[in-house]
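> Chains as they are written, first to last, in our numbering: chain A, 1 to 400; chain B, 1 to 672; chain C, 1 to 425.
Everything labelled a hint here was simulated from the structure, so no lab data went into it. Honestly, I wouldn't trust all of these hints.
Claimed, not checked - Simulated coverage check for chain B against chain C, where a stretch passes if three residues somewhere in it have a Cβ under 8 Å from a Cβ of chain C: (1) 34-43; (2) 240-251; (3) 336-349; (4) 481-489; (5) 571-583.
Since the model is a prediction, treat every value here as computed from it, not as a measurement. For glycine and all other residues, C-beta sits at the position ideal for the given N, C-alpha and C.
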Amino acid sequence: MFTTGSKLLIGSSVFALVAAVVYGVTQNEALGIVGLVSAACALAFLAGVNVWAGDSNLSALDTAAVATSEASDDPPGASIWPMVFAVGAAAVLVGLVSQQSVFTIGLVILLAAGAQWAVQAWAESASTDSTTNAAVRGRLANPLEYPLLGAFAVGGIAYALSRIMLWLSKTNTIIAFVVLATIIACIAFIFAARPSLKRGAIGGVLTVGAVAIVAGGVAAGVDGQRYIHVYETIAADAALVCNSPEEFEVDEGASQTVSTKAGTYTISLTAAGTLEFDVPGPVAEGSDAISLRRSNPNNIVFRNDSGEARRLTLDFGPAPEDEASAAAEEGYGADESHGADESHGDKSDRNLTCTSLVEDGGAQLITVKFAEPSFAYADDAEAYRFYVPGTDAEIDVVVP
Amino acid sequence: MAIIERPTETPDVTNRGTRPAPKASTNYGYLRRPVETTGWRSWAFTVDHKKIGIMYGAVAMFFFILGGLEAALIRLQLAGPNGTILSADKYNQMFTMHATTMVFLFVMPMAAAFANYFIPLQIGARDVAFPRLNALSLWVFVFGGVFLNTSWFLGGGADGGWFMYAPNSSVPFSPTNGVDFWGLGLQITGIASLVGAINLIVTVLNMRAPGMSMMKMPIFTWMAFVVQMLLLFAIPVITVALFLLMFQRSFGAQFFSVEAGADPLLWQHLFWIFGHPEVYILVLPSFGIISEVLPVFSKKPLFGYPFVVFSGAAIGFVGWGVWAHHMFASGLGPVSVAVFSVATMAIAVPTGVKIINWTLTLWGGKLTFTTAMLFAVGLIVQFTIGGLSGVTHAVAPSDTQQTDTYYIVAHFHYVIFGGAVLGLFSGFYYWWPKVFGKLLSESLGKWNFWLMIAGMNLTFGPMHIIGLQGQPRRMYRWTEFRAGQGFFNLGFWNLVATIGTFVLGVGILFFLVNIWVTHRPNSKTPPAPADPWDARSLEWITSSPPKEYNFARTPQVSALDEFFHRKYEDVGEGDKHEYVQKMTGEEVIQFEEDNADPNIHLPAPSYWPMVLALALPVMAYGVIYNTLLIVAGGAIATMAMFGWALEPADAEASDFDPPVEGDETSKELSNV
Amino acid sequence: MTYDLSMSHQSPTTKMQAVETTTTLKSVTSSRLVRTLVAGSFAALLAGCATDAPQDTWQPKGSNARMINDLDWVVFSIAGVVGVVVFSVLAFALWKYRDRGQPIPEQTHGKPALEIGLTILPALILVGIAIPTVGTIMDLAETNDTECIVNVTGQQWWWEIDYPVQDGCGGIEEPIVTSGQMVIEAGTKVLVRGTSRDVIHSWWIPSLNGKRDMVPGRIHTVRLEADEPGIFAGQCTEFCGLSHANMRMEVIAMNSTDFAIWKANQVQDYVAPVAGSLAAEGESTFISQCSRCHQVDGLTDSNDELIISRPDQNVWSGAAPNLTNFMTRNTFAGASWDLLSKECRPGVWDASPSTIGAAYLDGVTDSCLNEVELREWLRNAPAKKPMYTDPESLEATNGLVRGMPYLALSEDQIDQLVAYLLERK
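Excised from the complex, chain A in its bound form:
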């Protein structure tokens, strides 16, 4: 029978068809016609369905089903998901033309709302009893919602807190952290001591705290984080650092102890200003050079007993062409604060490695690996030699 709905659909379908004809005559453009004709067909189909099924979701032919149909169940409750879904869809569109992050957020909202919508719809068809349906929904959705929401809340607060901490200066960070921790501890104490406190009061305090942190985080994040200094490494300035007995930035806070490590070589700078080496087992008599293995990570402990802060440097031979030039250009040699003298400048084309500055009585581990045997540098008196800048101490290395 022609119900109200089917009349509307039939009318719309006819209208679309007429519009297509009019459009085709006036505009002579294919795409629009296709669209309008498609709309007309779709509306006609819906009209057909409507005529057959009636306005309810019952078959018009099924007269006995009224009592058992879902249409006789409680009407579904209110739902927020269509609206959230729409917000997500809007964000996706806005994101497409503006920023990718908006698009991503929109997509997440869209998917989450869609999933929630689907679960709710499914749960509402479970029974006629809306309480049971809510429980059904909870059983499936809660295990996903709780951790996700919890993670978002915790993550958001942690992120906001990190922005605040990075915005504060180094010292203030510590103060802020102590103060904040104290406040949290005090509030927790109060909550624990007064179990009769109203839920609303606790929730209110926590909400205020969370909002404060998030707001602070947003403000700090907008303002940007404090300046954090990036330290140099020895490798970046080996040519300069390794040839100098002075202290450089890389030497600050350098390790001064080695955990007792068995099975390593030891090279000591003695109080007399000479370098001596020791090995597991006896040192072979008659060898004045330290014999290290090729292509092997040789662990060497440098001990400094000289009374002054010193570093141990190893000369691998001339630096390869490209590295030498790079070292000359980028090295500290041009830096005004450490005006390199002549002798340093000469050595900048060497391939060096070294420990950082070791204080008197300290020790440091250095791992060295030789790619070539020492006879490859037979003509080079500087190569394959440990030395201590600022002293005459040196010791030759033999790599068979």
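With chain A held as given, fit chains B and C onto it using these hints.
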């Protein structure tokens, strides 16, 4: 897994007059509890410790056969010089996976099977403390084991040996994913062990029947309890090591890179701090089993029960101080070596105490040599040999000659096969009627026993000789030039060992045949009597197999061997003892059932343990193949954890189909 | 017959063992007699079963291994006696107390005094073992009395051996680098100072000393001393990857005269092949095909500049065997295959202590070369010894091989290389 089910039939409207509010399970279905008591769901989602124990055992048995086949391939390869059955690569994978399978996927879970099944029964509890956790540990173990073995189909198994020494386990030296599978697989099975350990510890400490003090606890429960304590502390160590390995291999960390200043010995220390207690984890459950079996078939209590208990506990403590005896050759320095050498000898004392006590249990007894008893006596003999050869390499200088040779292989197979596996088989024969209600055939059982004993001595006995004559382990081939001359050279003994392997294999086949003969359709084996062995401990004071609720009423305990003392009365005077039977076992059980507790509450089954267990391999595949999978697995795991936490403790009326009335849910379960 | 006593008593299944159990059972009365018997049966077992397996741990040929072996005898005897006693008691109990219809025994939980006694007894036995053990550990760790230092470096799957400059070893003025075979002077206490370039390996010459792991980044020491000249076989015993089974080594001990000759041979100047000979063609093939990894000291290129091999650019471990004196050794490829033909091998390996030095110093001559296997190796090394050299699967090592790759040499090139290598001694 059917989370959502459509009704199979529509509700009958006419009979009820008006349309009823359809219950979830009868209409659309939703996440109702899997309350079925038959069919695969009743096993897959069960929280019954007995069903879980049986599944543990079945899966472990499968892995036992798998590991045995790997062993057979290894021995075939080594039967003659320059073996060509396996490539070097496959051989290395084979021995790695053989050890890993046998240790982590057979002996440990098989011991867990016994512990799961019998601890609640032996202490008079209706289930373990955390039934759902129990299901979790089973499924985590199963999926971990399967995950580990999928490596065979995804580029090859791990090839670094079960000890997986760094840096040989790093990517440049083992570029396939085998080691990743190994590390993550063990991580997963480690979770299973840890969860199980916590569960059983709480069970033993809190759920003993009234009257059962710790020193009245059956000895198997005691030993299993010590093992759970060991697991509780050992698994975290290997977990740390495996995390380091995972970060080294998958995320570019440098824990074992010498160039970065690392020391590869770190791994060895971590591994063996876990690895040595692991040895006792493997062997103590079997010690417990035969400490149950020997008294039963000697008609005498365990000699020196407190000494056996305390020696077990002593092994549990001292076992932590001897790990470096696996590293005598790795250059620790003489002082460390001396200390660990002496400590290792010290641990031989409590082990010796056990052997002495078993022997003295037999002394003066009334011995019947059932198959279970034969396996128990076999354990004493074989384990003693393993123990004595163990003392020879507690002596560090000797160990530097013996370690990493076949002598060590011989030693630990005498300890693990002779100790752990024979004990487990003793347990199979002893408890089979309890678990399945039917006695296994004794004649087939004796074939099984003697073939296994002959096989293991033929296999592992010659390895003493092979090792002392200098054949190292883990070599995919040996050559005639190093085998010596004469007829009895290493080639001869290698061949004997290979033949022995097949004798051993046939012995184990007899066990499987025995099961088939007993349980095949139309089997003529009658149901077992309720107390076939004239047993002594609590698990027998109930029907066989036990009801889902274990005991009709919670037993009251007044003596160590409670069941024995309920059956027999000492009518002798003064020092003269004379025992007369006052009740049969059946009568004792009947008495208990006649006085059943009126209300029995049992935990409800759950999907969530299995869902959570499934999430772990997903995450592990993610570590290997794609980080997104970690996220997906993590999401499933989180959902499962919350679903678990939010799940009501008991099944609700609407979980049943048709729904049950009122408070009947627990009865519904218990009365099935 | 079994070899290890503790084993021989485990199982009453074989008649022979049952007989032995009962014989020893009668003599339980006197523990001294038992000890003699046990020691005697050990000797008999040794004579009966001991084949001359080159890696036998119970045939010490030097002071360090002998110290271990002496300790072994004590420990194995004690273990044997304990085993006999335990199994006798057990067998007796099993037989005596089998069910013959006797009444149910007393339900006793034991006698604490007996328990304590039986706890103290094993403890005392173990104290008895512990004392000599600790002494031997300390003795074996002593390194200050060594007279010669030799470095070994393990890598997948061969050992590099070098002799640093020292007054020891009878004086070494120029470092010597060799591989697979360590030559020492008999009667000299040698300190092996070892490490590894990649994974952990273990240095083990059973007839001279126990094993010592060689760990990358660490230096470990182990002493060796051979009583008299001979060849002592060994093998890497820490699992080190794919070709672990093919990583072997030998120690060759010789008298001081022969050792001096060997040292001098190792540092001889390079002698180029006669121009126009097959070996000369081999030299240029070697330079083009092999010298990227394999060092031959003194080898020069067409500009008369020394050729320095750079294995670190081709091989993951960064090393390849130095082939300067290749034919002075008699095994190759991780000492896993013989350079000597089957006919010539016994002439060196089975030589008497007085002649072995000279036989070894002869090196590998044209007629004695095991040409078949050397050619197989040159033709396709990874096919002979499993190694990671497939260029398709080297991402994990940045394209560096682990082992010697397949070089696609022609048969002509192989002929040339064999001719060239034959002169490397």
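> Does the structure break any of the earlier hints, and which numbers would those be?
Failing hints, ascending: 1 and 2.
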